[in-house]
Amino acid sequence: MKRKTGTTVSRRNFLKGAAIGGAALAGGGIPFIVRMAHAKEGVVKYGTMHPLTGPYSALGTDQRNATQLAVEEWNAKGGVLGHKIEWVHRDDQLNGAVALRRVKELVEEEKCGFIGGTLSGAISLAINEFANKNRIPYVAYCQSDMVLGSDQGKYGFAFMVIPYSAALATSKYAFEKLGKKWFSLTADYRWGQSLLEGWIWQSQQMGGQFLGNVYHPLGATDYSTYLTRIMAAKPEVLVMNNLGADQTAAIKQMSELGLTKSMKVVCTKTAMTTMKEAGAAYDENIMGGMTFYWGLKDKYPGAKKFMDTYMKKFGQPIEQDGESGYVATNALFMAMEKAGTVTDKEKIVAALEGLKYTLTKGPEVVRACDHQREQSYLLVKGKGKKAQGWDLADIVAEIPGASIIMSCEDNAKKLPFANVKLP
Amino acid sequence: MFSDVNWTVFFMQLFFGLALGSIFVLLASGLSIIYGLLDVVNFAHGTFAMLGAYAVFVAVSLSGSFAVGIISAVAIVALIGVLVELFLLKPLYGKDPLLPLLLTFGLSVAVPDLVKIVFGLTGKPVAYPEGLSGATLAGPLILSNYRLFIIVFTLVILISLWLFLKKSDLGMIIRAATRDSLMVQVLGTNTSRIWTIGFALGTGLAALAGAIAVPMLAATPDMGVEMTMTAFVVTVVGGLGSLGGAIVGGLLIGVIVAFTSLVAGEYSNVAMYFCMAVILLIRPRGLFGESGRE
Chain R
1 MKRKTGTTVS RRNFLKGAAI GGAALAGGGI PFIVRMAHAK EGVVKYGTMH
51 PLTGPYSALG TDQRNATQLA VEEWNAKGGV LGHKIEWVHR DDQLNGAVAL
101 RRVKELVEEE KCGFIGGTLS GAISLAINEF ANKNRIPYVA YCQSDMVLGS
151 DQGKYGFAFM VIPYSAALAT SKYAFEKLGK KWFSLTADYR WGQSLLEGWI
201 WQSQQMGGQF LGNVYHPLGA TDYSTYLTRI MAAKPEVLVM NNLGADQTAA
251 IKQMSELGLT KSMKVVCTKT AMTTMKEAGA AYDENIMGGM TFYWGLKDKY
301 PGAKKFMDTY MKKFGQPIEQ DGESGYVATN ALFMAMEKAG TVTDKEKIVA
351 ALEGLKYTLT KGPEVVRACD HQREQSYLLV KGKGKKAQGW DLADIVAEIP
401 GASIIMSCED NAKKLPFANV KLP
Chain Y
1 MFSDVNWTVF FMQLFFGLAL GSIFVLLASG LSIIYGLLDV VNFAHGTFAM
51 LGAYAVFVAV SLSGSFAVGI ISAVAIVALI GVLVELFLLK PLYGKDPLLP
101 LLLTFGLSVA VPDLVKIVFG LTGKPVAYPE GLSGATLAGP LILSNYRLFI
151 IVFTLVILIS LWLFLKKSDL GMIIRAATRD SLMVQVLGTN TSRIWTIGFA
201 LGTGLAALAG AIAVPMLAAT PDMGVEMTMT AFVVTVVGGL GSLGGAIVGG
251 LLIGVIVAFT SLVAGEYSNV AMYFCMAVIL LIRPRGLFGE SGRE
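Just so you know, the protein sequences line up as chains R and Y, in that order. Per the working numbering, the first sequence starts with residue 1, numbered consecutively. Per the working numbering, the second sequence starts with residue 1, numbered consecutively.
Rather than coming from a laboratory, the hints here were simulated on the basis of the structure. Since the structure is predicted, the reported quantities are computational estimates derived from the model, not experimental observations. Where hints are given, some of them may not hold.
[Claimed, not checked] Straight-line alpha carbon distances no greater than 25 Å define the calculated BS3-like cross-link-like pairs of lysine-lysine that follow: (1) R:Lys-313 - Y:Lys-116; (2) R:Lys-180 - R:Lys-421; (3) R:Lys-177 - R:Lys-386; (4) R:Lys-297 - R:Lys-356; (5) R:Lys-181 - R:Lys-234; (6) Y:Lys-116 - R:Lys-312.
Please put together the full structure from these sequences, using the hints given.
Laid out in structure tokens, this is it:
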């Protein structure tokens, strides 16, 4: 009756099972159901990808919602040049291989003429390459290096700052206001390293004293083991070049040891989800960078209009990664209007270059030379126990886009960061 | 040789490693008990830990007490464990041994999605308990009170568990059933009930691990994946179905992760798997695995 006698799970089966399960966990996801679609006459078809499952699904959902809002607003006023917009989206699972399959589906099966989205810089590079090869305009929502050096392409546009700009904005503030002795905790992948390069370069320009860096793998759960070196180095500023659960856990464990009281923590990029998840530990000693915080609605009428509509529809404020999606989607359709066509991609790309608009912040421009949205970067600080609902942070500074964007010539050659030596 | 500072760093790292290892021990001992007793490879082990973390969040929000949070977490998750064993696992006994594995794997995918529907995509914070925040200074060492609590608490749990298994009648039956359940059944004990209790015990321990880990992280729907993997690594290193193995394996992995973080931080996760690979090569049954088991 019972399996103890006959069909015992042997160690071999246990390991085999563990291996199968492990592979399935790592691969993740549910098989995708293929839907065939055909390009309809007179319809503008826009396809996007977002991580809707996995640890970053909250941010992916923001991106999707923002795109939905933008498309609905355009359709409500009659579409683009009288053409209805049809929007489809896919879950890229924050996985490069999955994202490439999804973008092929969007283009080849769904017949999307324009693509957008993604939350990961690395994925945006792969999508950008695909877009340029297939001559499909692509608007990226995330921090991305795709506007630099050989990754620049005619059809790709980046609507969030590049990592270097985030690092320049936060480091300039830190060295001026918080202290020059700094130590960093960096997630060990390209994005984290790009941020670190930015910090090191700025430190050299402003006479900062770089005490050291610790790399941690993505998804490390214990940070106390990294903190020993930081405690021994006694920096004035601890820089965090990481995101999400990594940042949450690091902040919580620093506060556990009282470190947030003895040094200022500066997160080069932070998020409202991190503040929510870290709770009271994300206090006024923690500062973070963002391209958008809903509190901007007190400063800009465009932000107020955007946030009021968004809140009414989705019940909570949006993260920066969603805001960039809203702007990217709008800019794409604005470019079509400016170009006077919804089909001639060359003309639409040309219209996106140098496109000027005022949407969610002050007046902005999509720079023609490198296809980068020139925008400001915010520094916020936490509210700790005083945080209530979505009132999570105070805006400390808004650093103008012009002061943190690299010159066209530098971006083309990836200077000056290409010369920075990483520890 | 080592200067004073280096010794400080060494002991700090050892301390953090042991605290981390303690959580691993709780996780792995639960997995080990379930495997030893039921022969079920519980792929939802981390999922139960995640449920423990959410249970703490709910209980602490309602009661304001971390102690109440921990107790409710264990009780609630053990009860869920009972229901899962009775209604989902039991029908699979005696069939293909891969079926329970597939079932628990399914749970590890479905339950986090349910949690997302109930609690939302953003994780939930649990503050450090008031009395355990801050740090104790021991000479040059800065020992976090919460980590001290984790180590002591784990020790208490393990001693209780050991006493329960060694000294109580029920514990003795559980140990006997782990060795030869058919014989236990022949001797007139209802082993079916023992399996239910064993599964509840194992999932309760997983919940405990999730519960004491959550103040250091946040309760997030996907946190279980990593915890399942860790529990498997520790169990394989320590030896399947061995409580002693779970303890030594857990502490060993904790300390290895801690020292790798110090010298080559980016490899701290890899170190864990490397250690497992080495153990598998030189001692395939794990440090304390019984030679009887293949």
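Taking the hints in turn, this is what the structure says about them:
1. R:Lys-313 - Y:Lys-116: 20 Å, holds
2. R:Lys-180 - R:Lys-421: Satisfied, since the Cα-Cα distance of roughly 19 Å is no more than 25 Å.
3. R:Lys-177 - R:Lys-386: Holds. R:Lys-177 to R:Lys-386 sits at ~24 Å (cutoff 25 Å).
4. R:Lys-297 - R:Lys-356: 20 Å, holds
5. R:Lys-181 - R:Lys-234: 8 Å, holds
6. Y:Lys-116 - R:Lys-312: 22 Å, holds
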